[in-house]
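> The listed protein sequences derive, respectively, from chains A and B.
3 is the number of the first residue of the first sequence in our numbering; add one for each residue after it.
770 is the number of the first residue of the second sequence in our numbering; add one for each residue after it.
Simulated from the structure, these hints should not be mistaken for lab results.
The C-beta atom is built at its ideal place from N, Cα and C for all residues, glycine as well.
Treat the hints with care, as some may be off.
What the hints assert, rightly or not - Derived DMTMM-like pairs (lysine to aspartate or glutamate); straight-line CA-CA distance at most 20 Å:
hint	chain 1	residue 1	chain 2	residue 2
1	B	780	B	823
2	A	62	A	4
3	B	780	B	848
4	A	54	A	17
5	B	780	A	44
6	B	826	A	78
Claimed, not checked - Computed far set for chain B versus chain A, every beta-carbon distance over 10 Å:
hint	residue
7	772
8	821
9	837
10	855
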Amino acid sequence: GDSVTQMEGPVTLSEEAFLTINCTYTATGYPSPFWYVQYPGEGLQLLLKATKADDKGSNKGFEATYRKETTSFHLEKGSVQVSDSAVYFCALGHTGGFKTIFGAGTRLFVKA
Amino acid sequence: DAGITQSPRHKVTETGTPVTLRCHQTENHRYMYWYRQDPGHGLRLIHYSYGVKDTDKGEVSDGYSVSRSKTEDFLLTLESATSSQTSVYFCAISGVGGQGPQGPQHFGDGTRLSIL
Chain A
3 GDSVTQMEGP VTLSEEAFLT INCTYTATGY PSPFWYVQYP GEGLQLLLKA TKADDKGSNK
63 GFEATYRKET TSFHLEKGSV QVSDSAVYFC ALGHTGGFKT IFGAGTRLFV KA
Chain B
770 DAGITQSPRH KVTETGTPVT LRCHQTENHR YMYWYRQDPG HGLRLIHYSY GVKDTDKGEV
830 SDGYSVSRSK TEDFLLTLES ATSSQTSVYF CAISGVGGQG PQGPQHFGDG TRLSIL
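Whole structure, please, built from the sequences with the hints as guidance.
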């Protein structure tokens with residue numbers, strides 16, 4: 003079945019450092035990749051998405067490019083802030099299915 | 770804002786008691802989901818619904834039942850709560866903006882349930 007693998011955390015960075023969180027997947031058909039973010043005490047929020055191969059999703063300085071040839075959707079940000087400290091989930095929706103597959107989540111700590 | 774309200778937000782109860790969690794949405798989206806989130810296990814799907822009275826099991830459905838008698842409400846019931854069901858429970862919806870179930874999901878703020 004479909005699966006999502008993302009890098010384990012926690013990831014600890016200093017403010018203004020570059021962030022990469024890797025996400026790869028296995029899926030048949032035409033999956034739709036997403037990144038969600040969860041702040042303490044809250045539910046998951048959609049951070050960004052892509053709808054077709056080579057699409058780049060972006061939001062709040064975060065970017066991810068849907069690479070079908072490498073089945074990847076890595077999350078990047080050029081300069082992280084303390085307020086970016088959260089848990090990040092890579093996820094995959096799938097045409098013809100009702101379910102979204104979530105990765106295990108990566109906790110990010112950003113130090114001032 | 771997809772207008773999702775979960776109630777209660779916090780609950781403490783005893784082993785063996787029945788518990789019902791409610792998810793209410795204000796915008797008549799078709800697809801609704803219940804997840805549990807536990808340290809080391811990420812987000813796990815309990816049950817989902819694809820319409821009124823149409824529900825199906827997720828990966829961790831044992832010990833849980835659901836009902837959806839109206840589009841806006843999706844109820845999760847623990848018939849006889851056990852300590853292993855202590856968790857944070859999230860409701861989600863999809864189908865916003867006419868997208869199918871494979872579109873992005875929108876989450877409630879969660880219910881923290883402790884079973885002693």
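> Now tell me if each hint is right for this structure.
Hint check results:
1. B:780 to B:823: Answer violated: residue 780 of chain B to residue 823 of chain B is near 27 Å, above 20 Å.
2. A:62 to A:4: 29 Å, violated
3. B:780 to B:848: Holds, because 15 Å separates the two Cα atoms, which is no more than 20 Å.
4. A:54 to A:17: This hinted pair is violated, its Cα atoms lying about 32 Å apart.
5. B:780 to A:44: 16 Å, holds
6. B:826 to A:78: 35 Å, violated
7. 772: Given a closest Cβ separation of 13 Å, the condition holds.
8. 821: 15 Å, holds
9. 837: Its Cβ never comes within 10 Å of chain A, the nearest being 13 Å, so this holds.
10. 855: 17 Å, holds
Violated hints for the displayed structure, listed by number in ascending order: 1, 2, 4 and 6.
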